[in-house]
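Go by the hints and put chain B onto chain A.
Below, each chain spelled out in residue letters.
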Amino acid sequence: MAAAQKFDVVGIGTGPGGYVAAIRGAQLGLSVAVVEDDRPGGVCLNWGCIPTKALLRNAEVVSLFSRAEEFGITVGEWKADYAQAIQRSRRVADRMAKGVEFLFRKNKITLFPGRGTLKARNVVEVTGKDGAQTLEAGRAVILATGSEPKSLPGVTIDEKTVISSNGAVRNEGRPASLVVIGAGAVGMEFADVYAAYGTQVTVLEALPRVLPIEDEEASTQIARLFGRRGITIRTGVRVKSVTPGSAGVAVEVEAEGKVETLRADQVLMAVGRAARTNGLGLEALGITMDRGFVTVGPTGESSVKGVYAIGDMAGRQLLAHKAMAEGVVAAEAIAGQTPRPVDYGNVPSCTYCRPQVASIGLTEAAAKGNGREVSVGRFPFTANGKAVALGDTEGFLKVVADKRTGEILGVHIVGPEATELIHEFAVGRTLEATLEELMHTIHAHPTLSEAALEATLAALGQAIHI
Amino acid sequence: MITKVVMPKLSDAMETGKVIKWLKKEGDVIKGGDVIAEVETDKANVELEAFGSGVLRKVVVGEGAQVPVGELIAVIAEPADDINTLVAGASAAPAPGAATSASGSAPAPASGGAAKPAAAPPAAIPGPLPATETYKSTPATDKVVPLTPESGAPRPQAVPSPSPAMAPAATAPTGPRLVASGAPSGGAAPGGRVKASPLAKKVAAQSGVDLARLQGSGPGGRIIRRDVEAALAAPPAVPGAPAAVAAPPPAATAAPARAPFVIPARTEAEYEDVPLTPMRATIAKRMPTSKAPVPHFYVTSEVAMDRAWELRAELNALDGNPKVSVNDLVIRACALALLKHPGVNASLQGSAIRQYHRAHIGLAVALEGGLITPVLRDCDVKPLVQIAVEARDLAERARAGKLRASELSGATFSISNLGMFDVEEFSAIINPPEGAILAVGSVLERPVVDHGALATGRRMKVTISCDHRVMDGAMGARFLQDVKRLLEEPLRLLL
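Quick note, the sequences are listed as chains A and B, same order.
For the first sequence, our numbering assigns the number 655 to the initial residue and increments by one for each residue that follows.
For the second sequence, our numbering assigns the number -2 to the initial residue and increments by one for each residue that follows.
The following block holds chain A by itself, in its conformation from the complex (with noise of 0.2 Å):
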């Protein structure tokens, strides 16, 4: 074997975590090498947000298609060919995923593909096409793998008739009817897609609505919404078995003690995402993981010395926006920095059905159970001009304040870029502005933003427009 090659920086993994802690630290004067099995980007940019983004689109496309007349728009003959959805959306990721392999050359990043192993805590291990390299890393490691869809016990994700994330972006075909186990951001996600292009959805959810970590209003809003467009919700379900068959599969589902079977082409296990850490040596080495997630200090340093975790197998949100905040952080902690540790309170959440959620802060119900005494603002999209304009007068936006303060404790949006909306939220919390603050900020006429400063003067008691 050849003598290692030394960086400063070793990283496994080339999400949005890994690729943003590799350029953070090679733009604070650190050589840096990264590991990647796949393509540069990782899941977020090759097969997790990014495609189905591209997919979301479509759906959107579609559905306008067919809302046509309400606009006055005559449309003959047409046809919404999911095939082509998906090879869009393989061309969108394409085109991502080569961003990311520009910015490693710009910032003269060595990438390394194959997998890697972590050897000793400064040695990394990389087997590819072409055998074995080693690598020593001088200052860190850092782990940034990922994570990688769960299933229930006992049911095997063959990606055709029981498929996963992995198999939705992937597959041209389109199943007549999906049954879609879990109704978090994928599983909700996903539902939108397959039903825009006219696949007989139902949705089953275990706990009591759909995107459970949402508010209970969003939930109960989204659940009513998707309802309307002949998407089946049913909440409360337990999967007992999922049995693949010749025509189809069988889903076996307990619900209020009572049992019974549904059927379906196929199966999209949707019930949330497991750290990816095995083969990497973690064991070897003695780190602290917690319910399979590496355990990590505030700059993502595990419980080994020079060995730093990152993103989704860190645990706490898996959002690719968290792993880039974490990236940065141990990127600037590893060249020897104060880097303000990530504000996982702050942290938005998003889903990008129609319409699409979005959220930041804390739930109504979790702001009360916080003991704090609450102001509560909302604003339906009904009541905003740019909202009406455009057709989409789904939804509302709410916000949760401190009575007494006026902190913004938590903003919950359903409707139109909602997940655009969530940002001025954000900025506020990050500055700590209160009501008072964003009260006298202007906002735009007309825009959907009004919506954030009307349900901001309605926490105030001085809504305008409703």
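Derived from the structure by calculation, the hints contain no laboratory data.
We treat Cβ as the ideally placed atom computed from N, Cα and C, and that holds for glycine.
Mixed in with the good hints, there may be bad ones.
[Stated by the list, open to error] Pairs of lysine-lysine, DSS-like flavour, derived with a Cα cap of 30 Å:
hint, chain 1, residue 1, chain 2, residue 2
1, A, K1057, B, K6
2, B, K18, B, K55
3, B, K192, A, K1040
4, A, K733, A, K660
5, B, K481, A, K912
6, B, K21, A, K912
7, A, K1040, B, K18
8, B, K55, B, K6
9, A, K1022, B, K55
10, A, K1040, B, K22
11, A, K1022, B, K18
12, B, K192, A, K1057
13, B, K21, A, K1022
14, B, K28, A, K1057
15, B, K22, A, K1022
[What the hints assert, rightly or not] Stretches of chain B that chain A covers, calculated by requiring three or more beta carbons in the stretch to come under 8 Å of a beta carbon on chain A:
hint, segment
16, 195 to 204
17, 438 to 445
Chain B alone, transformed into the frame defined by chain A:
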């Protein structure tokens, strides 16, 4: 919570709507987002969703009825909520935003200096949230005997107002018109700008934490909520100083007993990094916020202290009388002169200069590793002996780390006295947002020309540092003239 269900405006042209059908009936439990009715607009039939959760307590508008947009059509509330007035007033215009009750969080209006114990006037709060400025004046005490200032002008009441926004409402009922300057709204006092988040300001205002005393942990030293909460959880102890540190004692001309003069041995290490104590860090942070942005100018004057010296000796010879220091005389002289020169007793407040009609004087007290400036309030109405007693008490408690938070802010002017260190003169850095500070040197016996003949006399040099944005040289000089005159005609200090 009571949720009013009103006829929604579903299109720009919509003026009225018709309830086609109620899908829920009175008594039904409603969750936010439930469809409760179908409504016909000028264009289409739409589902009406509930925005609040609770029970559909009252259907105000029956099926088939046409009502204007905005009209109450139903009420969703908890079973216990009283909706009678709401339903009764259904035809009336809906009440505007809920009135905020005056809660304990409102800063009390100022009433400093009033002769009788402060009976706090009710605080009317104009906005839903208290304004963020946190100037609080101490309540008056009944010990204070008001003296008529030289000008004989009536005292305006209730000057520093908690905030300009509140000023009109905060006027003391018995007082004349409130004198308030147009300070900028929603910010810390300019001049001594404190970088703090809006939330931190609110929490501080509601809990009585002085932001100026905190060190921010946010970006660029910005004070954020957790800093205020930390200060609340553990009030920063003022580090006690060993007894060896000199107080600002009466200036002495007699040669003090000299300590042996020892030069420490050369150490191994070439240097030593002494970590900043919280106090030193605060000083390091605060001083550039004065010296850099505040254009200082300095005026020095020499005061003949012979008569004051004699007066002091006589006073201190009286049986049972508290000891009076030169500094006490200076405090009293400044207090009276400040009343006559409100332009010096002033601070820049955004687009206005706030002139104070109280002499709250900050007294710089040297501590081990720093200094602190406790505030002696209402020096203009306190007799000399009371000033002497209170100033000594403040200095002692400052050194013992036992000052109350309220004694650390609110000065309108400061005095720094290095007389005990045998200095001829020096100049001090203004403590924002105050407009001026007086630096007092030692009383020194020196040759003077008296009626054309050389003689000896006791002289003391005082230097005022002034904020040139607030006042000009002549103003500072005139103030100093009066301080000089009061000290040279010291019986005036007893009036």
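Going down the list of hints, with the structure as the test:
A threshold of 30 Å between alpha carbons decides the hint, and for K1057/A with K6/B the separation of about 29 Å falls inside it, so the pair holds. Between the alpha carbons of K18/B and K55/B the distance comes to roughly 15 Å, so the proposed pair stays at or under 30 Å and holds. With a C-alpha separation of about 37 Å, the suggested pair K192/B and K1040/A falls outside the 30 Å cut-off, and the hint is violated. For a cut-off of 30 Å, the pair hint linking K733/A to K660/A is broken: about 55 Å separates their Cα positions.
Annotation: proposed proximity of K481/B to K912/A is violated, straight-line Cα distance about 97 Å (limit 30 Å). With a C-alpha separation of about 28 Å, the suggested pairing of K21/B with K912/A holds against the 30 Å cut-off. For the hint linking K1040/A to K18/B, the alpha-carbon distance of about 28 Å falls within 30 Å, and the restraint holds. Straight-line distance between C-alpha atoms of K55/B and K6/B comes to about 21 Å, which keeps the hinted pair within the 30 Å bound.
With a C-alpha separation of about 27 Å, the suggested pair K1022/A and K55/B falls inside the 30 Å cut-off, and the hint holds. Between K1040/A and K22/B, the direct Cα distance comes to roughly 33 Å. Violation of the 30 Å bound is thereby established for this hinted pair. Taking the CA atoms of K1022/A and K18/B, the gap is about 35 Å. The hint is violated against a cut of 30 Å. Restraint check for K192/B and K1057/A: satisfied, since their Cα atoms lie roughly 24 Å apart, inside the 30 Å limit.
Restraint check for K21/B and K1022/A: satisfied, since their Cα atoms lie roughly 28 Å apart, inside the 30 Å limit. As the CA atoms of K28/B and K1057/A are separated by approximately 23 Å, the hinted pair is consistent with the 30 Å bound. A threshold of 30 Å between alpha carbons decides the hint, and for K22/B with K1022/A the separation of about 29 Å falls inside it, so the pair holds. Here's how the segment 195 to 204 of chain B fares: 6 of its residues keep a CB closer than 8 Å to some CB of chain A, so the rule of at least three is met and the hint holds.
Requiring three or more residues with a Cβ within less than 8 Å of a Cβ of chain A, the coverage given for the segment 438 to 445 of chain B is violated, as only 0 such residues are present.
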